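Listed below, chain by chain, are the residues.
2 protein chains.
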Amino acid sequence: MRTSQYLLATLKETPANAEVVSHQLMLRAGLVRNLASGLYTWLPTGLKVLRKVEKIVREEMERAGAIEALMPVVQPADLWEESGRWDEYGPELLRINDRHQRPFVLGPTHEEVITKLIGNEISSYKQLPINVFQVQTKFRDEIRPRFGVMRGREFLMKDAYSFHLEQECLEQTYQKMFDAYCRIFERLGLDYRPVIADTGSIGGDASHEFHVLAESGEDDIAFSDSSDFAANIEKAEALAPASPRAEATQALTKVATPGVKSIEEVAAFLKVDAKATVKTLMVLAPEDENGQQAVVALVLRGDHQLNEIKAEKLDGVAAPLTFASEEQIQAAINCQAGSIGPVNLPVEVIVDRSAAHLADFACGANEDGYHYTGANWDRDAENYRVEDIRNVVEGDPSPCGQGKIIIKRGIEVGHIFQLGKKYADAMNCGVLTESGKHQTLTMGCYGIGVSRIVAAAIEQNHDKYGIKWPAAIAPFQAAIVPMNMAKSARVKETAEALYQELQQAGIDVLFDDRKERPGVMFADHELIGTPLLLVIGERNLDNQQIEVKNRITGEKSLLAIDEVLSLFKPQ
Amino acid sequence: MRTSQYLLATLKETPANAEVVSHQLMLRAGLVRNLASGLYTWLPTGLKVLRKVEKIVREEMERAGAIEALMPVVQPADLWEESGRWDEYGPELLRINDRHQRPFVLGPTHEEVITKLIGNEISSYKQLPINVFQVQTKFRDEIRPRFGVMRGREFLMKDAYSFHLEQECLEQTYQKMFDAYCRIFERLGLDYRPVIADTGSIGGDASHEFHVLAESGEDDIAFSDSSDFAANIEKAEALAPASPRAEATQALTKVATPGVKSIEEVAAFLKVDAKATVKTLMVLAPEDENGQQAVVALVLRGDHQLNEIKAEKLDGVAAPLTFASEEQIQAAINCQAGSIGPVNLPVEVIVDRSAAHLADFACGANEDGYHYTGANWDRDAENYRVEDIRNVVEGDPSPCGQGKIIIKRGIEVGHIFQLGKKYADAMNCGVLTESGKHQTLTMGCYGIGVSRIVAAAIEQNHDKYGIKWPAAIAPFQAAIVPMNMAKSARVKETAEALYQELQQAGIDVLFDDRKERPGVMFADHELIGTPLLLVIGERNLDNQQIEVKNRITGEKSLLAIDEVLSLFKPQ
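Line by line, the protein sequences are chains V and C. Counting in the working numbering, the first sequence runs from 538 upward without gaps. Counting in the working numbering, the second sequence runs from 538 upward without gaps.
The hints are simulated quantities; they were obtained by calculation from the structure and are not laboratory data. Quantities reported herein were computed from a predicted structural model and do not represent experimental measurements. A few of these clues could be false.
Unchecked claim - Coverage of chain V stretches by chain C, computed from C-beta distances (three or more under 8 Å per stretch; other residues unrestricted): (1) 827-841; (2) 1066-1077.
Claimed, not checked - Subject to a maximum C-alpha distance of 25 Å in a straight line, what follows is the list of computed BS3-like cross-link-like pairs (lysine-lysine): (3) K592/C - K592/V; (4) K585/V - K663/C; (5) K1052/C - K974/V; (6) K549/V - K713/C; (7) K713/V - K974/C; (8) K1052/V - K1052/C; (9) K974/C - K1024/C; (10) K713/C - K585/V; (11) K1029/V - K1086/C; (12) K974/C - K585/V; (13) K808/V - K791/V; (14) K1024/V - K592/C; (15) K663/V - K1024/C; (16) K1093/C - K663/V; (17) K974/C - K1052/V.
As the list claims (entries may be wrong) - Here are the simulated distance ranges between beta carbons: (18) A777/V - N657/C: 58 to 68 Å; (19) E629/C - A1060/V: 52 to 62 Å; (20) A1009/C - G1043/V: 14 to 24 Å; (21) G1043/V - R683/C: 43 to 53 Å; (22) E1092/C - A1008/V: 29 to 39 Å.
C-beta atoms are modelled at their ideal positions from N, C-alpha and C, and glycine is treated no differently.
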């Protein structure tokens, strides 16, 4: 490709409104352009990367035995009513009417379509297991699209769905997909981790996310420093302290704490460590038979953070987790939120394992402007239950039993689920077994955010000059950069000849034939992140050489012109 | 691919509601499944064909210098308001609102998006010409989707858009695209014709359609029997008869014709040929300054058909063409539609060239129940103008000047336009010229219906057993069909070994490892249209041979097992 016949579209300035570095660089390097909130056009350079990612994903899906199909973007609403998701799914599901006022959705995923299809097409256990994938445009009407294609509304996704007679077979395919995902991210050249994940609203039994590690990631991931253990912090178990709880040594004492509310204020006022305090958060219980929701207290050590995912899964707690209003707290406790504590608290009390391990702790006295010191469980506060409701923190023992927790940030680029029978049950998807009985199928689903991978790769691989693509997904393998071609016939001839040679060898090369200053050309190619720059200048041509600049290592070296092809030999 | 691990999904019965043979065969051969009206899931076999078509289209676009991008399916309404198409486009444009009640459309084409993009990204004449293409899902909310993917609502299209400073440059790119389209349809192995086309509502100056010839086609195409001339019948000019008009020999005579209305009835009653009569059709003129629409008469020879496209382009005729109601005709002429004729007709009269060549003709007398015989132009009917307003018919002289017209049916699979400045003007898409002036760009657009090509290929290539794919787009190059594999270890071993060998050679082969009777297997592979069946049976193995069945020619031959690979050598 010649730049003069290409849409390079690089930008010198960082565009306003691009918050994260991948979004900035995707705009500056001419990979995408914004069309409307959360909608992006993929320019030629970006599309080349996207297609390289897609190709690797497709090859590994096929290698793992999945077969490709293509389901429509637009799906009829009745399928979503059948599965129950028409009511369950929030406003991210874009619902539309056709010209006859029949309801449809723009597909955010395709569980309904594939389950209906398999239910119709597969009638015998002999045709199982089957694993069908597609690479298709999805639409999710995000309330606040942001970070470019990282959280766009229209995006490209690979989704696969497997169907099985038995859980054991599902687990085998799940493992195949797990392995295929590992190969995909290895081939992409990304630093990634599979992590144990919460199954969330999609339901099901087991789940892993695949994260590209990057400081800008939206998710916290808990690793063991001594094993392979990794889990989304939403899911990582905080173990109970191993030692027995200390004995009580202090008397329960009510202290006037005027204006003191937050844990920081309490700890400072009482001159104790936040670790020696507890905080009490008030949430709602599920509706009772009269539609009323009681208030429930969640008690954590002062320095710990509530894990909402863990909390909302508990019996007696409403899902999604809903915090009690000031009015609801006043009605139940007759004091403000900042003064609540577990001593004589007239509601159900759920205590985190670490908070339950404290002795002689400080807490709210359930009276505005007062706290207790020297509080102790059982002696002062009774009728509570102990659960894991906090986020793990660095230094916690790893739940795998080996080593301590460290926390890193990640960008979720893949997610695999053992879905179970949720959809197959709802949509009557089953087969006749060998013994002639009808049996509902069990199901797995496996997603990869193809367009998001492009952004995540940049978050992980860039410097102040631009993108540093992993070789497998660089838009071009190399760029030919001639110096002052307009003034040197020899430079022009050499560049043209090299371009022909590389093209004929099947190398994906960009020939920068613009009449631009060398500095402008170098800046563009470093921004775009082309791995190898082949710089052709008068001086080196005296020795029949060109200069090769490596974008990743920054190394420059001289190379004989007739050895350029050796750069592209598989190592 | 092994059938046991594949979704073959063939059907024995022809599904109800599938009217055309391609739709029937696409369902029966397991290429697609209907999800909702006009929405289809591409099953693995169909998707393989679709991707092969897409690949050929992409390769030829790139060879012709077009660069690939990817624009969103969902487009903001404001772009459509800017171009004017928000109001122009009918209900086929699916308009939707997002969660914030902002209006969007599902893109039926992408002129607006690309024109806005190029207007933003290209600032200098040095960056021109540029030709950008994409292969993307489109949506058109057809009022009556039918014929399967032939006229679906969601479909895959390749659309390209070129931008130029000057008409001459546009014409060069237009010719390149014309040539690329010819190469595409040649490579696809289809019998096709480029035909001169009407530019229709998309506007512009010159246009060609590419048609796959098939009796089931929806379009009539006029060819010359002696030259390359081909035009959509909408566009083919009906030349004026070359000879001078005959002299009048009869007197104008009013004849009572009670109950006689249609041309067939008139000709039978008066005992004349329909070619010696004229029919007069009443349509509306454009609105005048008071919003009123006058009635206009269109006069054709009795045996000719009105060409509405030609008529609605005439000055003095409303577009789209609108026939006058009975009430409007009564108000203007005071008689019924079946009794109108051009003698003393008190409205504007437009006469087709062939009707204007008649002498001594029969026509309505503008009085219910009466016709004239012996009518003659100028003597009896004055104040008319002559235009080309009919469809050509077989035997007409070709407008190219060589030979006579023959008419065949075609399926439109491609359409290229010289669009001109319609979009660039409306959306302010221009550059600075060499002399520093701002100049609006001129534009071409070039579409191919990728999914429709699959259906059109089947319409053109099938027999009573199923599909006869052109080799370039057959889903599989060959199928291995072992006879009674369960009972013969030798057959099984040979089949497995051959499968491994062909796979390793990169041949796209389907290994039919089902425990089915030979008849069932043959029927399936003939239905799917696999070009070569490699039949492995006990008897031929005695001679180290297999039987090769050619789907296109029907020929069977024996081949040594170790020569099978030679079948796949490029010829």
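Range agreement (Cβ of A1060/V with Cβ of E629/C, hint 52 to 62 Å)
Distance hint for E629/C, A1060/V is violated at roughly 46 Å.
Holds or violated: K1052/C with K974/V, Cα cutoff 25 Å?
holds, 21 Å
Starting from the range 14 to 24 Å, see whether the pair A1009/C and G1043/V falls in it by beta-carbon distance.
For G1043/V against A1009/C, whose Cβ atoms are near 22 Å apart, the range 14 to 24 Å holds.
Could you grab the alpha-carbon distance between K713/V and K974/C and see if it respects the 25 Å cut-off?
Distance ~62 Å between K713/V and K974/C Cα, so the pair is violated.
Holds or violated: the region 827-841 of chain V covered by chain C, criterion of 3 or more residues with Cβ-Cβ distance under 8 Å?
With 0 residues close enough to chain C, the hint is violated.
Sort out whether K1052/C lies within 25 Å of K1052/V, counting only the CA atoms.
The hint is violated at about 67 Å.
Against the 25 Å threshold, does the CA-CA distance of K1093/C and K663/V hold or violate the hint?
Violated, at about 32 Å.
Are at least 3 residues of the region 1066-1077 of chain V within less than 8 Å of chain C when you compare beta carbons?
It is violated, with 0 qualifying residues against the three required.
I want to verify a distance hint. Is the separation of the beta carbons of E1092/C and A1008/V within 29 to 39 Å?
Given a distance of about 49 Å, which is not inside 29 to 39 Å, the answer is violated.
Can the restraint linking K1024/V and K592/C be considered satisfied, given a maximum Cα separation of 25 Å?
It is violated: about 40 Å lies between the C-alpha atoms, which goes past 25 Å.
Determine whether the Cβ-Cβ distance between G1043/V and R683/C falls within the hinted range of 43 to 53 Å.
holds, 44 Å
Would the pair K974/C and K585/V pass a check requiring their Cα atoms to be no farther apart than 25 Å?
violated, 34 Å
Consistency with the previously given hints fails for numbers 1, 2, 6, 7, 8, 9, 11, 12, 14, 16, 19, 22, ordered from lowest to highest.
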